[in-house]
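S.K.: Sequence:
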Amino acid sequence: MNTSFKIAAALIATVSINAMAMAATPLQITATTNATQSSTGMQTATAKDANGKKSTTTAPTNANSVNVAQYNTANGILTGASVLVNTAVSTTIRVTGDVEDSGNGRTVAAEAALAGTVAGGGVSFTSSTLTANKGCSGNNCKQSPSNQTATTSGSINSSATVPLANLASYAGTGNVTFTQSAAGSTKVTLGTKGKSGTADGLFTFGGVTPANNIYSITYDYLNFANPSFDGLTNVSSIDLDFGSLITGSGPITLNFSIFNIGNANSAGVSLNSIARSNNNADFTTTLANFSDLVGGASSSFAMTFLPTVLGASTDTFTLDLADYAPAGSIGAKTYQLKVNTIGNVLAPPPPPVTSVPEPQVWALLVAGFGLTGFGQRRRRARMSVAA
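Under mature numbering (1 follows the signal peptide of the UniProt record, and there is no 0), the letters of the sequence shown match residues -21 to -1, 1 to 366, in that order.
Hints are not guaranteed to be accurate.
[Claimed, not checked] Keeping only pairs whose Cα atoms sit at most 27 Å apart, straight-line, the calculated DSSO-like set for lysine-lysine is: (1) LYS113 with LYS33; (2) LYS32 with LYS166; (3) LYS174 with LYS312.
[As the list claims (entries may be wrong)] So the derived label-pair ranges between C-beta atoms look like this: (4) THR108 with ASN191: 21 to 29 Å; (5) SER279 with PRO331: 37 to 45 Å; (6) ASN54 with PRO230: 44 to 52 Å; (7) THR152 with SER256: 15 to 23 Å; (8) SER107 with ASN191: 49 to 57 Å; (9) LEU325 with GLY210: 31 to 39 Å; (10) THR188 with GLY84: 40 to 48 Å; (11) ASN154 with VAL187: 20 to 28 Å; (12) ILE225 with ASN251: 32 to 40 Å; (13) GLN7 with ALA291: 26 to 34 Å; (14) GLY82 with ASN43: 18 to 26 Å; (15) VAL187 with SER44: 17 to 25 Å; (16) GLN7 with THR265: 38 to 46 Å; (17) THR108 with SER138: 42 to 50 Å.
These aren't lab readings, by the way, just hints derived from the structure by calculation. Note that the structure is predicted; figures quoted are calculated from it, not measured. Quick reminder that beta carbons are idealized off the backbone N, C-alpha and C, glycines included.
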């Protein structure tokens, strides 16, 4: 909610920032997905007696992907992220084949050497190469490959910081997708009496219990800045009323402050531009662009009015501000504050006028002066006779 208030005249000019700029401290929130177990497609190698050894390095098809929730920038400014993958992995080999009915060398040997990778959003995690071996001999080779398997287990347990260049893909209301893939080789080797053989290698991500298959993203974020003309409530507009002044008097100054309502977990706020509606030269100000007014701090300014032009003087100062956050941050907002100035300039009062007596008044005064003179002459005459 936007509100406004009015500041009456004061006479002391002030410009100050009441707190030193310090780096804001990000908050953290973690999104986690417990993935179900998933395996790649088979990587298959086949051999016949004419070619007793066969290997393939064609990558198996990917396993299922894993989705982890993005950070919703409606809740704050995303400044960084880190990804953790902690899951079991394994390589499995299966073997089947056909051999001669008798003699030595009636064998089929299989090997899969695979490494699994989880990748997405500019980060990737790769397991060590897990090698599994399985062989069969005689009539056992004709069994189903599901009955002739071997597994070597390992894990991926690692974290990585998301590059700033990829941070935008972690912001939104959808998901960050991590792809599970594997690479390596599968081999099959026939014994001297082997007729044919097939080796199937596959890679598995996760154990049977999803709670143990952890894919998580920890998001670093700052609360939005909250610029205001008041330190406690949101005030987006103020009126600076200088009252009525006589032309040529003054100047008179009013002080005001811009606050960033918040704390150490809030983004700073920067004043990037100031636009004036009238460019009225009678109003001057110490207000100027600034950078990173930290949460909980304020900056004080002065507005001065020098009345020179008769009549009402007005101007509106529109302030464009924005969140100040680390480079590469996602979701910073912009803001606008307004300072409305008004003053009324009056002409000086006329000088006092000396009154001129009316003609009849002059007649009375002359008559009075004459009678006074006549009385003075008679008194001098009597004084002469007596002597």
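S.K.: Against each hint, give a clear statement of whether it holds in the structure.
M.R.: Against the structure, the hints:
no., hint, result
1, LYS113 with LYS33, "holds (15 Å)"
2, LYS32 with LYS166, "holds (8 Å)"
3, LYS174 with LYS312, "violated (71 Å)"
4, THR108 with ASN191: 21 to 29 Å, "holds (22 Å)"
5, SER279 with PRO331: 37 to 45 Å, "holds (44 Å)"
6, ASN54 with PRO230: 44 to 52 Å, "holds (46 Å)"
7, THR152 with SER256: 15 to 23 Å, "violated (39 Å)"
8, SER107 with ASN191: 49 to 57 Å, "violated (19 Å)"
9, LEU325 with GLY210: 31 to 39 Å, "holds (36 Å)"
10, THR188 with GLY84: 40 to 48 Å, "holds (43 Å)"
11, ASN154 with VAL187: 20 to 28 Å, "holds (24 Å)"
12, ILE225 with ASN251: 32 to 40 Å, "holds (38 Å)"
13, GLN7 with ALA291: 26 to 34 Å, "violated (54 Å)"
14, GLY82 with ASN43: 18 to 26 Å, "violated (45 Å)"
15, VAL187 with SER44: 17 to 25 Å, "holds (19 Å)"
16, GLN7 with THR265: 38 to 46 Å, "holds (39 Å)"
17, THR108 with SER138: 42 to 50 Å, "violated (21 Å)"
In summary, the numbered hints that this structure violates are 3, 7, 8, 13, 14, 17.
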